[in-house]
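There are 2 protein chains.
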Amino acid sequence: MSLFKQLLPLEQVLISIREHFPGPGPLTMEDVNPLEALGRVLARKVVAPHDLPGFRRATVDGYAVRAADVARARDGEPVYLKLRGEVVMGQLPGFTLAAGEAAVIPTGGAVPPGADVVVMLEHTNLYPGEVEILKGAAQGTNIIEANDDVCQGQMVFAPHMFVRPEHVGFLCAMGVQRIPVKAPLRAVVFSTGDEIVPWHQTLAMGQVRDANGPMLAAALTGDGCQATYGGILSDDLEIVKKALKDSVERADIILISGGSSVGKGDVTAAAIQSLGPPGVLVHGVAIKPGKPTIIGKSHGGVPVLGMPGNPVSAQVIYKLIVRSILHRLLTGKDMPPQGTIAAILDRSLKGPSGRSEYVRVRLEQRADKFYAVPVLGESGLLSTLALADGIIMIPLNVVGLEAGEVVEVTPLGQGLS
Amino acid sequence: MSLFKQLLPLEQVLISIREHFPGPGPLTMEDVNPLEALGRVLARKVVAPHDLPGFRRATVDGYAVRAADVARARDGEPVYLKLRGEVVMGQLPGFTLAAGEAAVIPTGGAVPPGADVVVMLEHTNLYPGEVEILKGAAQGTNIIEANDDVCQGQMVFAPHMFVRPEHVGFLCAMGVQRIPVKAPLRAVVFSTGDEIVPWHQTLAMGQVRDANGPMLAAALTGDGCQATYGGILSDDLEIVKKALKDSVERADIILISGGSSVGKGDVTAAAIQSLGPPGVLVHGVAIKPGKPTIIGKSHGGVPVLGMPGNPVSAQVIYKLIVRSILHRLLTGKDMPPQGTIAAILDRSLKGPSGRSEYVRVRLEQRADKFYAVPVLGESGLLSTLALADGIIMIPLNVVGLEAGEVVEVTPLGQGLS
Numbered sequence: 001m002s003l004f005k006q007l008l009p010l011e012q013v014l015i016s017i018r019e020h021f022p023g024p025g026p027l028t029m030e031d032v033n034p035l036e037a038l039g040r041v042l043a044r045k046v047v048a049p050h051d052l053p054g055f056r057r058a059t060v061d062g063y064a065v066r067a068a069d070v071a072r073a074r075d076g077e078p079v080y081l082k083l084r085g086e087v088v089m090g091q092l093p094g095f096t097l098a099a100g101e102a103a104v105i106p107t108g109g110a111v112p113p114g115a116d117v118v119v120m121l122e123h124t125n126l127y128p129g130e131v132e133i134l135k136g137a138a139q140g141t142n143i144i145e146a147n148d149d150v151c152q153g154q155m156v157f158a159p160h161m162f163v164r165p166e167h168v169g170f171l172c173a174m175g176v177q178r179i180p181v182k183a184p185l186r187a188v189v190f191s192t193g194d195e196i197v198p199w200h201q202t203l204a205m206g207q208v209r210d211a212n213g214p215m216l217a218a219a220l221t222g223d224g225c226q227a228t229y230g231g232i233l234s235d236d237l238e239i240v241k242k243a244l245k246d247s248v249e250r251a252d253i254i255l256i257s258g259g260s261s262v263g264k265g266d267v268t269a270a271a272i273q274s275l276g277p278p279g280v281l282v283h284g285v286a287i288k289p290g291k292p293t294i295i296g297k298s299h300g301g302v303p304v305l306g307m308p309g310n311p312v313s314a315q316v317i318y319k320l321i322v323r324s325i326l327h328r329l330l331t332g333k334d335m336p337p338q339g340t341i342a343a344i345l346d347r348s349l350k351g352p353s354g355r356s357e358y359v360r361v362r363l364e365q366r367a368d369k370f371y372a373v374p375v376l377g378e379s380g381l382l383s384t385l386a387l388a389d390g391i392i393m394i395p396l397n398v399v400g401l402e403a404g405e406v407v408e409v410t411p412l413g414q415g416l417s
Numbered sequence: 001m002s003l004f005k006q007l008l009p010l011e012q013v014l015i016s017i018r019e020h021f022p023g024p025g026p027l028t029m030e031d032v033n034p035l036e037a038l039g040r041v042l043a044r045k046v047v048a049p050h051d052l053p054g055f056r057r058a059t060v061d062g063y064a065v066r067a068a069d070v071a072r073a074r075d076g077e078p079v080y081l082k083l084r085g086e087v088v089m090g091q092l093p094g095f096t097l098a099a100g101e102a103a104v105i106p107t108g109g110a111v112p113p114g115a116d117v118v119v120m121l122e123h124t125n126l127y128p129g130e131v132e133i134l135k136g137a138a139q140g141t142n143i144i145e146a147n148d149d150v151c152q153g154q155m156v157f158a159p160h161m162f163v164r165p166e167h168v169g170f171l172c173a174m175g176v177q178r179i180p181v182k183a184p185l186r187a188v189v190f191s192t193g194d195e196i197v198p199w200h201q202t203l204a205m206g207q208v209r210d211a212n213g214p215m216l217a218a219a220l221t222g223d224g225c226q227a228t229y230g231g232i233l234s235d236d237l238e239i240v241k242k243a244l245k246d247s248v249e250r251a252d253i254i255l256i257s258g259g260s261s262v263g264k265g266d267v268t269a270a271a272i273q274s275l276g277p278p279g280v281l282v283h284g285v286a287i288k289p290g291k292p293t294i295i296g297k298s299h300g301g302v303p304v305l306g307m308p309g310n311p312v313s314a315q316v317i318y319k320l321i322v323r324s325i326l327h328r329l330l331t332g333k334d335m336p337p338q339g340t341i342a343a344i345l346d347r348s349l350k351g352p353s354g355r356s357e358y359v360r361v362r363l364e365q366r367a368d369k370f371y372a373v374p375v376l377g378e379s380g381l382l383s384t385l386a387l388a389d390g391i392i393m394i395p396l397n398v399v400g401l402e403a404g405e406v407v408e409v410t411p412l413g414q415g416l417s
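Going line by line, the protein sequences match chains R and S. The first sequence begins at 1 in this note's numbering and counts up by one. The second sequence begins at 1 in this note's numbering and counts up by one.
No lab work stands behind these hints: they were computed from the structure. Among the hints, a few may not be true.
As the list makes no split between identical chains, a pair holds if one copy fits it or if it spans any two.
[Stated by the list, open to error] Using 27 Å as the maximum straight-line C-alpha spacing, the simulated BS3-like pairs for lysine-lysine come out as follows: (1) Lys369 - Lys245; (2) Lys135 - Lys350; (3) Lys242 - Lys369; (4) Lys45 - Lys242; (5) Lys369 - Lys333; (6) Lys333 - Lys291; (7) Lys333 - Lys45.
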């Protein structure tokens with residue numbers, strides 16, 4: 001029984017990922033409308049089809065006037081202008097404002113030709129047929145010019161960007177009808193193990209149902225992939241090799257769960273090797289839990305990961321490593337930093353020697369403070385998966401963390417947050 | 001032109017939400033399988049249908065033995081046991097281990113009857129027909145008992161919980177076939193304004209396309225709602241009243257965009273009032289941008305929100321207020337804390353008097369530090385929406401924030417993070 005020769009620290013794993021999977025890959029594109037683009041990744045830049053707002057708009061309720069007419073207006077020395085008309089929302093004014101005239105204008109209304117400033121309602125009084133201006137304003141005040149928001153032809157979105165709700169709104173405002181987005185990444189998940197049966201199956205003694213396969217498929221789905229569950233493979237090199245060979249042509253990423261510990265891992269590693277060169281890039285990471293992770297790359301450039309069989313380990317490796325690869329494939333960039341919640345550690349924790357350790361915690365609010373309560377239990381226990389709200393990290397080569405110290409909790413995603 | 005009488009600070013807005021929308025509402029349920037449950041909210045608790053793992057399992061590769069047989073084994077004084085057989089993965093051993101015997105067992109294998117400890121492979125040597133045990137171990141070592149993970153009948157998930165990928169895996173492992181989840185919240189979004197036209201329409205001069213309606217519908221969709229875009233309503237009390245009346249019976253939450261500033265807001269407020277009592281609960285919040293927000297409640301208990309017309313304001317109010325309401329309706333709890341990224345503020349910012357201010361920032365990495373660079377521009381400009389990575393808060397009654405100080409950035413959600 002061989003031991004792992006060299007455990008690679010996470011930092012170096014991420015450098016290796018950056019080198020071997022620089023991305024963004026030459027993925028299939030599809031054209032969608034702005035509403036369908038939510039959560040997708042732009043395949044090309046987006047250019048503004050015309051100016052925005054497209055006409056001169058008032059930013060306040062008030063009167064459109066000529067700046068020269070109101071320049072001298074001040075407290076006690078008002079200026080009186082003739083009421084020329086009213087700007088109706090959604091319509092171009094049917095008149096040009098002449099010197100000495102004012103027009104009623106609502107927020108968002110089109111400033112009539114001739115006017116070059118909008119005086120706020122608060123600085124005016126209306127009398128029959130005329131308007132008293134109590135305070136002047138400089139040319140352009142309270143007006144958005146036709147191209148102040150966006151100029152026609154301007155790049156408004158860079159390629160390889162994830163589309164958020166506010167981007168959907170912006171695309172709609174510009175009247176963009178179709179945008180090219182990348183097809184979802186095609187992910188295939190296999191489980192291995194002679195004792196593993198599908199989740200919908202009744203157990204014989206000695207068997208367990210597959211937890212990691214569905215968990216990983218769900219995680220990939222949640223991250224926008226088109227995830228296919230490839231089923232359960234026997235711990236047999238030829239079977240695993242054939243399954244990988246059959247799926248590598250129609251996948252952007254492949255995960256093999258459960259066959260990556262030493263011994264079992266030899267089958268997974270050999271099967272990945274058979275897809276190369278380069279084949280296996282990393283075998284064993286300095287992460288607890290998660291040591292027996294394999295990262296490989298097929299000859300065609302598809303990432304193939306041997307995921308640890310323990311569900312908690314698989315969860316940690318998914319978050320730290322798999323998502324980094326997905327991000328590079330889609331955007332060509334590293335994962336952006338993740339938000340954390342500062343919390344007080346509820347009990348002291350010893351660190352492991354030579355590996356960074358990820359500890360699951362519950363978040364408990366006591367008075368106005370949050371406490372991080374470690375969830376104990378081996379990484380093979382599924383029940384502990386359900387109890388955690390987040391994860392804290394004990395860095396490599398640190399003796400441990402003391403109860404009472406402030407730790408940064410990475411939330412596992414509780415609902416809408 | 002009246003001013004807002006009283007601007008409610010966010011803290012008090014959230015208290016009002018807690019009081020008026022305690023949740024979880026009596027929502028429709030549906031039964032789904034574990035894979036379909038991702039991102040849904042459990043309608044009832046989930047109870048384990050049987051013990052997990054369901055049989056005694058080895059947690060290491062080694063030999064199943066009787067603890068009494070190996071108690072005296074130590075360095076230089078090994079114990080020799082007869083090799084009885086081998087445990088095959090996924091099968092119950094066909095033999096009972098007698099005194100003086102050992103059986104080969106792989107990690108995850110079923111411990112044979114008679115054995116009560118598994119000795120690690122590293123502490124053994126195999127000879128023809130017998131095993132040398134170099135080191136004893138206490139009863140139960142390296143064994144998970146049949147109900148160590150979960151006991152039959154134990155509540156494994158509380159109701160009103162969001163289902164994450166690891167929960168899907170756990171449900172699969174337990175063989176849960178169908179689980180009751182809540183139907184998605186039915187959200188209806190209206191836009192108002194005589195100058196607003198649908199996003200797919202060509203503009204006449206003076207018109208603008210609807211940005212907020214699609215943005216809010218997309219945000220609700222992203223949060224798991226079944227969002228319906230109700231279209232654009234004229235700024236007319238009777239029309240808005242009728243639209244609300246027609247939709248309040250088939251909605252769990254209603255958002256009206258763009259008609260909530262003073263003047264325009266009178267129409268929205270009056271229309272919401274017509275659905276009461278209680279009708280309008282909050283009119284005006286001490287949040288910048290977002291002041292002209294209205295929170296109302298129909299007689300039947302449906303939240304109806306008047307959203308500010310400026311897109312940036314609508315974005316902020318959605319994140320701070322709408323999501324809090326969604327969370328209460330689904331779970332009966334406050335929004336959990338959100339993760340933040342510590343960053344160095346790139347330039348000083350003045351705070352507004354009497355309102356907490358939310359400033360959009362770009363995150364820039366320089367060397368190994370993150371900087372928060374404020375995105376400038378009025379809240380009416382759509383282009384600024386595309387530039388921000390996150391939001392920072394300047395608390396109520398603070399003079400401002402200084403360049404160089406560390407601020408907490410709430411990410412807007414960049415891709416997978």
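Hints, one by one, checked against the model:
1. Proximity of Lys369 and Lys245 under a CA criterion of 27 Å is satisfied in neither setting, with 52 Å inside one chain copy and 43 Å between copies.
2. With identical chains, the CA atoms of Lys135 and Lys350 are at most 27 Å apart between copies only, with a shortest distance of 26 Å across copies and 69 Å within one.
3. Within a single copy, Lys242 and Lys369 get their C-alpha atoms no closer than 54 Å, and across copies no closer than 46 Å, so neither meets the 27 Å cut-off.
4. Taking CA atoms no more than 27 Å apart as the test, Lys45 paired with Lys242 passes in neither setting, with 40 Å inside one copy and 42 Å between copies.
5. When the C-alpha separation of Lys369 and Lys333 is checked against a cutoff of 27 Å, the pair qualifies only between copies, where the shortest distance is 17 Å, while the shortest distance within a copy is 35 Å.
6. Taking the shortest alpha-carbon separations for Lys333 and Lys291, only the intra-copy value of 25 Å comes in at or below 27 Å, while the best inter-copy value is 37 Å.
7. In this assembly of identical chains, the alpha carbons of Lys333 and Lys45 lie at most 27 Å apart only when taken from the same copy (16 Å versus 41 Å across copies).
Of the numbered hints listed earlier, those contradicted by the structure are 1, 3 and 4.
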